[in-house]
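Chains A and B, in that order, give the protein sequences. Okay, so the first sequence: first residue is 1 according to full-length UniProt numbering, each after it adds one. Okay, so the second sequence: first residue is 1 according to full-length UniProt numbering, each after it adds one.
Derived by calculation from the structure, the hints in this document are not laboratory data. No residue lacks a Cβ here, since even glycine has one placed at the ideal position from N, Cα and C. Check the hints yourself; a few may be wrong.
Claimed, not checked - Where chain B lies over chain A, by a calculated footprint (3+ residues, C-beta under 8 Å): (1) 43 to 55; (2) 74 to 83; (3) 93 to 104.
To be verified - Quick list of in silico lysine-lysine cross-link-like pairs, DSS-like style, CA-CA up to 30 Å: (4) K131/A <-> K7/A; (5) K217/A <-> K35/A; (6) K82/B <-> K32/B; (7) K196/A <-> K22/A; (8) K110/B <-> K14/B; (9) K35/A <-> K22/A; (10) K14/B <-> K7/A; (11) K14/B <-> K137/A; (12) K110/B <-> K82/B; (13) K110/B <-> K22/A; (14) K131/A <-> K14/B; (15) K47/B <-> K14/B.
Okay, here's what each chain looks like letter by letter:
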Amino acid sequence: MPSRPEKQAPPEFFYDETEARKYTTSSRIIEIQAKLSERALELLALPDDGVSRLLLDIGCGSGLSGETLSENGHQWIGLDISHSMLDIALEREAEGDLILSDIGQGLGLRPGCIDGAISISAVQWLCNADKSSNDPKLRLRAFFGSLYRCLARGARVVLQLYPENHAQLEMITSAAMRSGFSGGLVVDYPHSTRAKKYFLCLICGPPNLSTTLPRAKGEDGGSCSEESDSDGENQTVRVQERQRPRKKQKMLQLTQVHLRTEPFLGNGYGEPKVYIYSSIAVSILEINLRWMDLHTTWVWCSNLSTLDPMTGFWGFCS
Amino acid sequence: MRLLTHNMLSSNIKGVTNGFPLQLEVEKMVVKEVAFNGDFLKNIFPKIEWKALLDAAVAMGCGDLPENAEATMLDNEEFLRKFHHALLQLHLEEGALICPETGRRFPVSKGIPNMLLHEDEV
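Produce the entire structure from the sequences given, and follow the hints as far as they go.
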């Protein structure tokens with residue numbers, strides 16, 4: 001039996017009554033879900049004005065992540081494909097509205113009406129073709145395209161996901177970029193294989209440089225609170241030799257680039273613009289660099305110590 | 001499902017150009033008390049399609065809302081209370097949502113609309 005749940009059966013079948021119940025009675029799962037949701041909400045960086053917003057919880061399941069949204073005073077609409085999970089959300093008296101829907105079919109929501117969205121451990125499910133009619137690429141495009149449309153301009157999305165491999169991550173991120181999102185990937189606890197968590201942070205339209213950009217947790221290799229396993233591989237991130245024409249390459253130390261005072265140039269809608277917020281594996285960096293292909297020279301640093309200490313992200317200039 | 005959500009939902013069927021608003025078929029509705037939050041109402045007001053909310057509230061048996069609404073009315077406590085009630089306290093528990101263009105029926109059971117599309121609708 002494959003270990004990843006999405007390899008076993010489509011979500012609407014995998015999360016049957018038994019599995020849904022198991023999911024929601026395990027205190028360990030509840031705790032992890034709560035932590036991930038709080039982190040996602042933090043990365044969502046809503047304006048700090050105490051006003052409650054209308055948010056989406058994509059793949060809301062039994063309402064564990066929605067509970068975090070409610071506790072923070074927000075209204076939410078939860079979407080999930082598993083009837084059994086939604087039944088448990090009802091039992092748990094989830095405060096948000098629940099909708100049985102398949103995000104791979106696109107979200108049936110009006111344009112510009114949602115203030116933000118989070119998703120915990122759901123989007124990787126779109127990458128599996130369970131039927132011959134399910135093309136993961138088309139489903140990702142339908143999802144991201146409709147998500148982009150229903151969000152207010154400048155709204156953010158934080159998708160926590162478990163990519164199976166880098167090809168899958170690339171498929172997800174490129175679908176998001178093609179739909180008009182800008183953004184980047186935050187990897188918390190990058191040095192730990194078990195605690196490592198991926199958050200794809202997307203901004204609807206061009207990013208606003210005045211807002212604080214999120215930092216990854218545990219990027220200094222410090223111990224992570226949730227699991228103190230000793231698998232810290234102590235990997236250093238190096239930029240590998242690139243197979244590209246020399247003239248296109250321009251390598252600088254990131255510390256020489258004044259990100260705050262020199263805004264990124266020439267970004268129209270739809271043109272890829274990527275920030276990589278945190279210390280990340282080289283291969284992911286490579287993937288992101290590929291989006292930049294035509295329009296950009298890139299800027300990177302050769303090791304983690306040269307990350308901008310203020311923001312902790314890698315930047316690219318057009 | 002609250003009317004807030006109804007006001008955001010639209011029919012997602014392939015080829016449908018105007019899937020909003022979904023018509024309500026009400027078999028059972030319930031009222032659930034929700035804490036009043038004026039800031040949320042003011043924040044969401046510009047995004048609400050008033051006519052759709054008004055019609056939906058009437059379908060749910062609530063005829064309290066004014067025919068038209070403007071942002072200036074948000075300073076009026078009485079208006080806010082009515083808006084709050086219609087938007088957040090009326091729940092469609094059993095019934096259906098009907099696509100305005102195709103007439104396709106999306107059933108609502110235990111307050112959860114089933115918006116799953118058939119393969120030929122995607």
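Query raised in the report: Which hints from the list above does the structure break, by number from lowest to highest?
Result: As far as the earlier hints go, not one is violated by this structure.
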